[in-house]
Every structure is written in C-alpha cells, then in structure tokens.
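Engineer: For reference, the chains in residue letters:
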Amino acid sequence: MDLSYGPHYEAFRRQVREFLERHGDEAPRGAGLRSEAALAWQRQLIEHGYAARTIPREYGGYGAAPDILESRIIAEEFARAQVSQGLGGQGISMLVPTLLEMGTEEQKREFIGPTLRGELVWCQGYSEPGAGSDLASLTTSAVAEKDHWVVNGQKIWTSTAQLADWMFCLVRTEPDAPKHQGISFLLLRMDTPGIEVRPLVDMTGAANFNEVFFTDVRVPLHQIVGERGQGWQVANAILGHERDSLGNPDATLARLNALMDLMRRETIDGVPLMEHAAYRDRLMKLQGRVMAMRCNDLRILSARVNGGNATLARMIVKLQGTELRHDLEGLAVDVMGELGLAYGDNPYLRDNGTWQTQYMYFLGLIIGGGTSQIQKNIISERGLGMPREPKVQRG
Amino acid sequence: MDLSYGPHYEAFRRQVREFLERHGDEAPRGAGLRSEAALAWQRQLIEHGYAARTIPREYGGYGAAPDILESRIIAEEFARAQVSQGLGGQGISMLVPTLLEMGTEEQKREFIGPTLRGELVWCQGYSEPGAGSDLASLTTSAVAEKDHWVVNGQKIWTSTAQLADWMFCLVRTEPDAPKHQGISFLLLRMDTPGIEVRPLVDMTGAANFNEVFFTDVRVPLHQIVGERGQGWQVANAILGHERDSLGNPDATLARLNALMDLMRRETIDGVPLMEHAAYRDRLMKLQGRVMAMRCNDLRILSARVNGGNATLARMIVKLQGTELRHDLEGLAVDVMGELGLAYGDNPYLRDNGTWQTQYMYFLGLIIGGGTSQIQKNIISERGLGMPREPKVQRG
Amino acid sequence: MDFGLSQEQVLLQDSVRRFLADQVPLDRVRRFAEDGDDADIHEGLTGLGITGLLVPEAAGGVGLSALETALVAEALGYYAAPAPFLGTAVAAPLALARAGGHDDLLAAIAAGQARVGLALGEAVGARADAGVRAEAGRLYGKCLFVTDHPADHYLLADRERRLYLLPADLAGLGSRHLTTIDRTRPTGELELDGVAAEPISDDPALLSAVLDISRVMLAADTLGAAQSMLDQAVAYAHERKQFNRPIGSFQAVKHMCAEMAAEIEPCRAMVWYAAHALDHLPDEAHLTACHTKAHLAEVGKFVARTATEVHGGMGFTDLLGLHYWFKRIGYNRQMLGAPELLRHEAARAQSLTA
Amino acid sequence: MDFGLSQEQVLLQDSVRRFLADQVPLDRVRRFAEDGDDADIHEGLTGLGITGLLVPEAAGGVGLSALETALVAEALGYYAAPAPFLGTAVAAPLALARAGGHDDLLAAIAAGQARVGLALGEAVGARADAGVRAEAGRLYGKCLFVTDHPADHYLLADRERRLYLLPADLAGLGSRHLTTIDRTRPTGELELDGVAAEPISDDPALLSAVLDISRVMLAADTLGAAQSMLDQAVAYAHERKQFNRPIGSFQAVKHMCAEMAAEIEPCRAMVWYAAHALDHLPDEAHLTACHTKAHLAEVGKFVARTATEVHGGMGFTDLLGLHYWFKRIGYNRQMLGAPELLRHEAARAQSLTA
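Quick mapping for you: the protein sequence lines, in order, are chains A, B, C and D. All residue numbers for the first sequence refer to numbering that gives the first Met the number 0, where the first residue is 0 and numbers rise by one. All residue numbers for the second sequence refer to numbering that gives the first Met the number 0, where the first residue is 0 and numbers rise by one. All residue numbers for the third sequence refer to numbering that gives the first Met the number 0, where the first residue is 0 and numbers rise by one. All residue numbers for the fourth sequence refer to numbering that gives the first Met the number 0, where the first residue is 0 and numbers rise by one.
Accuracy of the hints is not assured; some may be wrong.
[Claimed, not checked] The calculated label-pair distances, taken between Cβ atoms and stated as ranges, are:
no.	chain 1	residue 1	chain 2	residue 2	range
1	A	Ile-377	B	Gln-81	52 to 60 Å
2	D	Asp-34	A	Asn-247	50 to 58 Å
3	A	Tyr-8	D	Gly-46	35 to 43 Å
4	A	Asn-247	D	Arg-29	45 to 53 Å
5	D	Ala-234	B	Asp-215	33 to 41 Å
6	D	Asp-34	B	Thr-353	22 to 30 Å
7	D	Ala-204	A	Asn-247	30 to 38 Å
Bear in mind the hints are in silico, worked out from the structure with no lab data behind them. We treat Cβ as the ideally placed atom computed from N, Cα and C, and that holds for glycine.
Produce the entire structure from the sequences given, and follow the hints as far as they go.
Structural biologist: Take a look at the structure:
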C-alpha cells in the first residue's frame, strides 16, 4: 500500500499544472456546446493530450498509450483548477469507443475525428417507453427497402437530441428472431425527414431528456455498425467504457463539504444548524459513508492500475453512490426546512437551489441507467453467483 | 368517534376491578403451568367468566356471548393490576377453537373442558425443518395400518413440547394427492412410544422451542379432526382465532416507557442518556411509531366492535409491530453501550437483561410466524390486489 | 367506544373526493401551476361548506371539528388540489373564533369571500433572512413562506409568539410571491415596515393551538398524497410490462408496494386520533400533533421516493405528473416544523429535555 | 499508487485464515464458549507470529504495521475466533513500544507467554457503576468490560486519560469475569482498591493512539464477521428449498444479499484505509478511526440482522451457530464507543461542535 503516485507521475502532474497555469484561462466557462470558444479549447486539449488522449492519431486523437493514473491526474488537476476538461457527451464517451471496436475503417475515418473535435454532436437512441429495464424488448423497427432502412417507432431518455447532428440507435431489424438477435445498431442524421424531437420535462422542472419519434425515416443501408442482428453485441461491446460516473465519490465529497458549509452558515433562531445534534449526527453518518465510497473508489482505481480483483467493488458503485448522494442532498433540504422548498426565482434560494434539484435529480439517477432493482439483480447474480429467477410459464 | 366505553362497559369495568381487588392476590405469580395454584386460579377465572369466557358451558367454559369490548376491558384491567389472566398456550388459544369449529361432539366433550382447566397441556406440530414458509410441503407421514396411524418424521418450533400431554399436528396421509389435499390433522399423546423431544436452543441462549422426532408412532385412527386429507382446512379454520399478539402495541408501549426510564436513569460521565440529542431523536422517532401502531390497534378494535373495514390495518400489524419492537429493544442496547452487552449472570445487567434478549427474540419473531418476506407477499397480493408471482417452469 | 368515522364524516369526505375527482384532475392541477387561478376550486369547496367547516354556526359556518377538517385535508392531498385551505379554512377560523370579535371576517371566509395567509415562520424557528419584531404597537421585519398567498388577511406571529391579524392593505405591509417546489400551494413572503397592529388575543395558548391544528392538517394532506402515490404505483405496476410480465408480479416491486402500505396504514388512524385529540383530549393534543406531523413526514418521504421508483423512468418525468404529489409531500414535510425540530418539541413537551 | 495489499500481506492473511479454517471451526468456537480455554489457538497464532505483529523486532516481534494487524483482525472475525487479541496483540504492543522500557513484557507477548487486558472504559465514557480515579499514586474504583480477560497485565486508563500498566497480581487489584452476549470474547472487570501505579507515559496522545488502533481492529473484526455472515447466507440460500426452488432464486432473498454485499464491499477499502492511516496519515488517523468504527457498526448491524433473516428460523436457532457472529458484531458495536458517541467524537475532531 502506497498512496503516493511516485516521481514519474508527479512529474506528469507538474506538467499538467503548468499547462493549466499557462492556458487555463483560455478555457471557456459555461460556453455552449457549439461555440467557437468550446471548439478551440477542445482542439487545444487534444493537441496536448488532455482530451482524446488514447485515441489513435490517425482517427484524430492524441495517440497516447492508455494509462489510468495519467487520466486520473488529468481529471484531478483540471477539477482542482476548475477548468473544463473539454467536450463530453455520448458521442465521445460511447460512440467513439464503439466505432474503434466494431466500426469499419470507413466509419472510423468518417466519424471519430469530427466527433472528438466537437464538430459532430451525437445522441443515443436506446430506451423506449416500453423497453426500459428490459431494453432488449425494444420495438422501434427498421425495415430494409432497396438501399434504405425505413425506421418507425419511438425513443425516450435521449439527452441533447435537439442539439445533435446524428443519433446512434438500436432498432429491430429481424422481428422474427429471438429478441437479443433481432437488433441492429444504426447511425442516422437527426435532420432526416420524419424525425420529431419533443423535450421531456422531468420532476426537477428542466428538460434534461427528450423523446424522439420516427415516422418512415429513411436511413442509408450502410449506416449500420456491425452486421444486421448484431446490434445487441455492438451496444454491449462498450458497456465497460462507460465511466462509473453515476456515483462519483469526488463529486459527492464536494457536495458533503458544501453541506457542511451550509450547516455552519445557516441558523435557526440564531443558532447554527451544526449545533443541532440530530442534524449533526445525520451529517456524520453521511461523512462515514462518503469516506467508505472514496476508499472503495481508490481500491477500484488501484485494481485498474495494478491488477487485482475489484469486480464487486465496481459493481456496487452505482447503487450505493446514487443512494448516498440522494440522501446527502436530502439532508441539506431537511436542515434548511422551509428554505429547502425555495425554487426557481425565489430570492431566498441557497446555493442556487441545487440541493432541492439534485435531491430529485439523484432519485432520477437511482432509477435511470439500470434501476436499483436491476442493480441488485446484477449484484446478486453476477457478483454473488446466486441463481437466476426461474423461467416463467407462458400464458 | 367516541373513545369512551359508555356506562354499560364502565359498569363492567368496575365489576372486573372489584373482582381483582377482592381476589387479585390469590393469583399465582410465576407459578408453573402445572402447579395447584395455577390450576385453582384458572378454575376461579372460568367460574367468574374471566377465562374461557365465550366457550359454551357444556364444554366447560363460562358461556357468555362474545363481546370484544368486554374481553378488552378484562385484558386491560388484569394488565393494569398486573394479575395473571390465567393459562394460555396453544391448547387454549388454538386447539379449543379448532375443535369447536371442526371437532366431533365426542372430541369436544373429551378435550375442551380439561384443556381449559389446564389439566391437559398441548403443543402444536406444524412446522418442519423442510417446511417453513412453504408449510404445505410438510412430509411427516401417517400411514393407516389396521386401526392405527403410523407416524414418522420430524416437527420443529414446537414450544412446551416437554411439558405437553398431547400434540395436535399436521401430517401427510395422502402422499399422492396435491400438496394441500394430502394433509390430515391428528391428535396424539406425547407419551406414545417413538416420540423424542429435543430442546432447540436459540440465539437468546434459551430453549424457547423444541424439535420433536417421530419413529413409528402409533396413533389410534379416530384421533383425527375432520376428514382424511382435510387437515389444511382444519388448521386454517382457526387462523383467524390467533390473537395478533406478535406486534401487540400495548406491550410495545410498556417497553417504550421502560426505555424512557432507562434513558433518564443511566448516564455517561454523569450526563443522563436522555440529554444525548442523537439518542433522544431516535427515541422520539420510536415514540411516533408506537403512537401510530396504537392508533392502528384502536382502529382494528373498533372495526371489530362496530363493523367497518380494517383488513389492511390488521394485515400489517405483525410486519410493522415486530420490526418496531426490534428497533426499540435495539435502541436500548445502543444507549447502554458496553452495558448493553451484559448477559446472564453479569452483575451489571440492567432490567434483568431483557433488552438484549428481546432484541434477539424479536428478530426471531420477525422471522417466525411468517417471515417479513412472506408478510409482504400477503400484503401485496391480498391487501393491494397485486398479481401473484407467475408459475415457475419445472425442471 | 367507536374509533372510526361517522356516516356523516364518511359522506363529507366522499363529497369532497367526488368534487375533486371531477373538477381537479391532473390537468386542472397543471393549469393552476401555470396561472395560479383556483377561483373555481375555491368556489366549489365553498359550495360544499369546506371553507366554513371550522367557522362557528353563529358566524355563518358549519361549526364542525378538526377531524372533519383533517378528512378534507386528506382528500385535498389525495388530489394534490390547489385551494386556499391551511390559513383560510383551518388556522384563521380557529384563531379568530377563539379570539372573538371577528364574526364578519369569519362569515366572509365561510362564504368563500376571504382568504387568510398563515405566517408563522417566527414561531417555528426564524432563519437568517427572517424575523418579525414588535415595537410600540408596530411590526418590523420579514416573514417567509406564508401560505394561501396572496390573501386578503394574514395571520402572523411575532418573535414573542403573539398572533396578529393583518389586512393585506395595511400601510407598511408588503408581500410578494415566493416560488417553491410545490406549485399547488401558492406561497409568499411578508415585509413589515412599521405596520400598526395589536395582537388578536392575550391567550398565550392560542398560537400553540393554531400550530397544532395546522400541523395535523399538513400531516393529513401527506396521508392523502401518500395514499394517492401508492394507488398510482399499484395501478402502474399492474399495467406496465417488462420481461413479458406486469412489473407488479416481480417480488421486488410487490415488496416496495407492501412496505408503502404497511407504513401508510397506521398513519390513517394516527391522523384521525391526532385530529380527535385537538378537540377532545387537551392533554395529548400538542404531543400528538408534533409526533403525527413528524411521523407522517418520514412516511411521506419514504412513500414519495418509493412510489416514484416503482414508476421507473416515467415517475421521474412530468408525463404522469407524479411529481406534483412528491413535491406536495416535500412541502408538508418542511412547513411549520421539519421532523427533527418537531421531535425536539415533542421531547420538550414531555420535559425530557430543556 | 497502490491501494491494495502486497503479496506478503495477502500471504499473511491467508496463513491466518487457513489456520483458523482448520483449527477453529464452529465446534471449536462452541467448545471455547463452554470452557473458555483458548490455549491452543493462542499457541497457533503465536506460531504464525500474530502476537508479535506489532512488537518491534528489537523486542522479539515482527514489527509490522496496523494494516497487517487489521487483516488478522478481519480473519479472526470471519471465523468468530476466540483468542487474546485486542489488548494483547494490538493495544499493549503499541502502547508499550511507544512508552518504552517494557521490552521484557513485549517479548513475552510476542512469545505467547503474556496476555494483556484492555481497560479503557473510563476514556470512552464512564457508566454509573464505573470510574477509576488516581489519588497520590494510587488507583481507586472500577473498570468494566475489560478485554482479553483474565490477563497477566492490564492496560488501564483513568479519568484523566492517563494510561497504566497493571500486573494482575498487584496488591489491591481484583478482577472477575463478566458474562456478555459474545461468548467468543472473554470479558471481565477490574476493581481497584488503592492500587499503587504510575502512568506509563506522559504523552497525552498515547491513549488516543491506543483507542484509534483498537477501534480500527474492532471495525476490521466486524468486516470479517459480516463477510462471513453474508457468505453463509448466500450458501444457505443456494441450498435451502421452499416452493420447489432454492430460496436464493427469490428476488426478495437475492436483493437482501445484494444489499449486504453493497454495504460490505466499500467497508473493506475503508478498513484498509483506516489502518494505513494509523501509520502513515497522522492528520487523518483519528477521524478515520472514529468513522470507520461507527460505519462498520452500522453496516454490521444491518448485515447481522439481514443474514439471520435469510436463514429463516434456522438463523434464529443455535443449530447453525450463526448467532456467534451476530453477537460478535454486537460486541464490536458497543465496545470502545457506540456509533453515536463516535460520530460525536468525529464532529469534535473537526471542530464542528464543542
């Protein structure tokens, strides 16, 4: 056990810091996805290897060998300096690794570079109203007619659908095959006639997601990744690439610190909330849980770097992390009492109203991306080797 | 809504009080099940209608018409005076009502009177090691040979088996019938050759239950209640007779009050535990839950007296009541800290060590008599009308 | 011995439920969330006698008790119905009838012609930006999170726990809307810059009585809202299929619903008891009110979260409108005393701590 | 950057596990519960170097760190193994090595020839019957719930948080056995009637260091015990059939096991970190120790209850012996600071309260 990074990585860290000191103020703050500032910053990051670091040069990346600690150091230093780490989004985080793994050479050359540079923005079309936990039962259909797929159906939970140039999506192309074998992975332009995007307002009051409707949408036959009927495998090829961001313990620690500030600062009848022992005990309970999740994260990181088994440790992050965050935001709402109800343009909003909003948003995350119920199925079956539920009699 | 009992019942209450004032000190305190004092007191209670109140006179009861409020008043007054309400046990609480409902005239005359008077002590043989939640899968067999059943198998969770004269039990007599239709309800003497009773020590350190083993135990054919194969219905005929005693809120209130005494009395570094705000908040949470369960109980009682639907209210008592009690005992253990570990002959035992023991015993009750998991199945299916789990494919 | 509702009480609640089911479906709630206009609902409830439930008959009201009022509150919660209620139909009638000499306003309330906002922030615990002090017959400061806003009058408490009735047009009295998560409960703040006012009563117990009944009504509202969320979850679990089965046939979903039912069911009796105690069990009323609101807040929080989870992603969207109930339960939780504060008050009421 | 165990650490833990799996099966635990004789286990652990882990090499020990010790504690918890450990192999070596001048006793500990009981009741919060005061070089009073009892020496704290080392045969020092729920951890009390003794050190931080490491070891023991209960529950759920299915195929049972795993898994890293911090991160050590013990106590309580529930009635009986782990977790929870007290201490360590 050695929690230091060692001289090689400390040198790398200094290099990142120097970059940030020199260029950090060129980073856009709160600029739009499409702004010239954002795109320029993204190009500069790629050039220095702080974005698209491990993507091969021939596809527009920086071409470094994968190194988990370097990535971590970059993330840490950018966070410390509060400087944008460049563009994110599902195109960069999901489609690029998918194409690298499963795309044709032509697809790689056509899409990866522009996506990395932010010139192409993508959205993801997986979930449907009738296919959530049971994603493989999706029914949006694509029928081959001459040189086109004709797509009909509906997707939901599509973020950035209004902004996206393209969508990568799962559609049913072989209606008679078993459900996992009848799916294909298509790429389609969002300006194709027949696509309608409707914002999906959620309980926080914002439209963090959209619904997308397809009516006879014509997609060229070659805009498929992998073979017909292989879409499920294509989509799952990159499941491991998703960052375990849903329960990120560093973000949780930042929120815990903000909550501690809140409890020191706010008062009831002049007495700081921190002096209220029942609240303080709840806070300390959360601090213990945050500590545990941070240690868990350290273990996962270390296992990635050094090898070692942290499967179960990784498997529980989403379940525990979203729950913890929901509880933490909920304590903040509680200690504020009536002030915890303030919303929108309320002048008494504390911390921009983030506590109440995040309390709800994290309930959404408990549900989304595999509900807690599904997570528990996975942990018990894959993590603990417990028997699957027996097959149900039909009819 | 009227929480008074009205003049008729208040008069009845005075009558009970007078009896208790006059005779209360004749009640045995802590005497054995079989002691002459206990039997004499039981006879006196029956004579005055404070035990076996609604059992017909011809079978040895007092013969009053059922009246829930009278029964409640008797229970309240005896509890207030801390005087024994006479003998309990599964013979009186379960077998007597079963025989009244399903027994032959001969069985009623033979068994009910002596059971009520405490001359016959019974134990119950339902659960088996392999048949807990799924009781109907029991395998203890009874094969008819000439004029006897020959019983082989094992029962578990049999309380008072060492003391009992007789057992009423469920055995499989029709091995080829569907599982609910192959069971019969037998009565057997515990001194029949081939019966072995082994005390079943539990986590509290006591043997609150036993295992009972049967090897070629011969039981006269006529010692059956109901028909062959009807045992499941016979057993279920009296399920409604069981008092919802597992989550009795009056007992819980008494424990809450004792816990409050404990927290006022005990100190850390000279400061009363009640001054520890985190403990006090936990206590107040429990007090709120106890209040809710007492109100729920009042509603159930009232619905019994006046009609009205309290099905769901009744259905949740065991689940909520045992959980609440477990939590309450657990808080007591926690506030005592190291003292909460004291056990057995430890001279620093508080309240006779009941907190630690009950904490474990109520975990047993959460599990026993239908685990919390089974309770939730029942509440969701029968209480909320949710779909049953689909049938599982065999093999 | 009858711990249950009378025929009349059941009928009263049914009539309110029927009215709300007809006139305040989710679409009507959504419309209110946009335009803040509840005139038709207020009128309908007035027609049913709801605004006058606690107004003495002599002043033109129905003169019923807290229990009936709680049954109405439960129905309002069940339908997440916007309507002037907590200040107008609960706190003001109780306070004004006890203080005496306000028959005109009481009659106007019963007739649906007056709204009264409840401004008790000071009594529950003033936050940094708030505080109302009285100096030589004038009031200064701010009261946040006032119910039934905008109103014709405000029932306000100052730092010394004295109650005032302030007509909205008093000189020096400003008010404005405060947005909260619960768009079914219009809320505001008062600014007092030397408002001339005298307390309505010198009875020190009056504020406590107003707080007790208001807290029980918030608890009753949560009871209704939680029951509605459970009912919606059970219905959705029947309907929604995944893996070729209604999700309601999965044990995990069934158990979530069973746990909600097991938590809610005793709350029903608790709310009845707490409301009954307000009128009939003076020794228990305050303690029961504190515990009932605190306990319902905890159960409500659990149900709001769990019912949303049963609905999966749909529960998180605006599509089914489930969040109106979620937020209503959140509002009830924080208003007039969050659970920890109430439990502390309960402990003090029993002299368990200073 | 390596947050994980070294090859040597893994081997050490494996060797202890193998020894315990062979020599301390449930039957051996039961026998100890009857006769209190752990000589063979003590000897076996001594042979593996466990008693000398924290004893400096110069004094005949192995001179390893808190992390190795925590790995051993975890293994002991996993097998609910009785053995002189907390006082003998953890607290005493740390305290005596730091205080200096106790090399003979340290050597005896490492050689398995001495047992030291830990008597810190005073430092954690004295209950009504306890209290140790020093007057003119003599100690008076009582210390309850002393570990590793009976021992050859006792490490005792007085009211002023000074540490003493008391040979068991000192004049005026009485001791007796105290029965607790956990029959795998022999516990006693000390009675001091003018025992002549001087503190072993004037370093005020020494007691705090002893408490920190002892608490981390109790947490590590809970980690092992909880993991064992989960493993037993999963195995039982595979084996036990009801309704023609292994109960482990029911979603409710699966989810109970998943929840246990999800709670336990981060605890493993937390215990490693807390142990590592004791030796390498002085600024974090105390806070981490408080939180780790408190958090493990809560997780342990949940797992102890849930694993028992998965076992159904069998979990409640003595037949499977599951209760030995249940009670061990309970013992770890209460000893040297129950969770609320530790959280209060954590808050004070951060100056969040007085």
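Engineer: Run every hint past the structure and note whether it holds.
Structural biologist: Hints, verified against the model:
no., hint, verdict
1, A:Ile-377 to B:Gln-81: 52 to 60 Å, "holds (55 Å)"
2, D:Asp-34 to A:Asn-247: 50 to 58 Å, "holds (52 Å)"
3, A:Tyr-8 to D:Gly-46: 35 to 43 Å, "holds (41 Å)"
4, A:Asn-247 to D:Arg-29: 45 to 53 Å, "holds (46 Å)"
5, D:Ala-234 to B:Asp-215: 33 to 41 Å, "holds (35 Å)"
6, D:Asp-34 to B:Thr-353: 22 to 30 Å, "holds (28 Å)"
7, D:Ala-204 to A:Asn-247: 30 to 38 Å, "holds (36 Å)"
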